[in-house]
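Residue numbers (our numbering): 1 to 233.
Rather than coming from a laboratory, the hints here were simulated on the basis of the structure. It is possible that some hints are incorrect.
Claimed, not checked - Pairwise CB distance ranges (calculated): (1) E158 - Q69: 20 to 28 Å; (2) A202 - S113: 22 to 30 Å; (3) A127 - L161: 25 to 33 Å; (4) S181 - E57: 34 to 42 Å; (5) Q69 - R122: 16 to 24 Å.
Claimed, not checked - Straight-line C-alpha distance at most 27 Å; calculated DSSO-like pairs for lysine-lysine: (6) K104 - K153; (7) K193 - K104; (8) K193 - K153; (9) K78 - K193.
Computed from a predicted structure; not experimentally measured. Virtual Cβ for every residue (Gly too), placed ideally from N, Cα, C.
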Amino acid sequence: MSGLFDCCSIWPLSTTGGAVEDEAPKPANEICKLSGTLKPCSKSLQSLQSGSSNVEELLASSSLAVLPQLTTNWTCRKWNATWVRNTLGHHEVQVAHKDATGNKVSYETVRLSHFLDNQTDRSWVPAGTIPYVDNFDIFTLAPERRAEVPSEKLFGPERTLVIYGAFLGPAGSSTRLHVDSEDNLIYCAFGRKLFILLPPSALELIGTLTHCCDLCTHKNSPVSGNFPGREMH
């Protein structure tokens, strides 16, 4: 079974859409592959759009890649905070209360509109935490929106399991240092997200740092001592 996490990211919240805020790396008509520094690949965007083989090749090689302007014609580029509130705000979502290192201190279930209206207000969450919506199953709640994020066109036929999800985080929020068990394809709908990726060779160091973070924040937080051979972020 070949699995993949397909995530729609909104991080941090802002009022304008990704089509306006997000600038693709240059040159904009090429796939850019990251190997320490940003380097353009020889394959053109045109060849990528004609099929899924190039994306699957990148995933198979465990390469980090930026696919500039690949989503030019995706209608989800029009999404913004106002659209999300008006269209999806009536749904209930789980809001995690996370500390500075991304540990989940507690959580509650609220309407998405409540989170959007109060995401900059910290009075309704435990002291020292930031509200964060993770595991937002957007396409189960609103299956009609699936066509607006046509990422399935990038998957090869061998993909027998694709897990769709979304997350929303206000400025200053973060996720716990972790390893994903499957390949990842992430689209930033609007706002920006900073990725910090570390190679498998840093496993021992990261295990130590993660343990220290737990001791400094929440001693009862679970610590994963065994990491698979994937990049951590």
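Hints, one by one, checked against the model:
At about 26 Å, the beta-carbon gap between E158 and Q69 stays in the expected band of 20 to 28 Å. At about 40 Å, the CB distance of A202 to S113 disagrees with the hint of 22 to 30 Å. For the pair A127 and L161, the beta carbons lie near 40 Å from each other, so the given range of 25 to 33 Å is not met. Range check, S181 to E57: about 21 Å between beta-carbon atoms, so the 34 to 42 Å window is missed.
Distance hint check: the CB atoms of Q69 and R122 are about 37 Å apart, inconsistent with the given range 16 to 24 Å. Proposed proximity of K104 and K153 is contradicted: the alpha carbons are some 34 Å apart, above 27 Å. For the hint pairing K193 with K104, the CA-to-CA distance comes to about 19 Å; that is within 27 Å, so the pair holds. Of the pairs offered as hints, the one joining K193 and K153 holds, with about 24 Å between alpha carbons and a cut-off of 27 Å not exceeded.
Taking the CA atoms of K78 and K193, the gap is near 18 Å; set against the 27 Å cutoff, the hint holds.
Of the numbered hints listed earlier, those contradicted by the structure are 2, 3, 4, 5 and 6.
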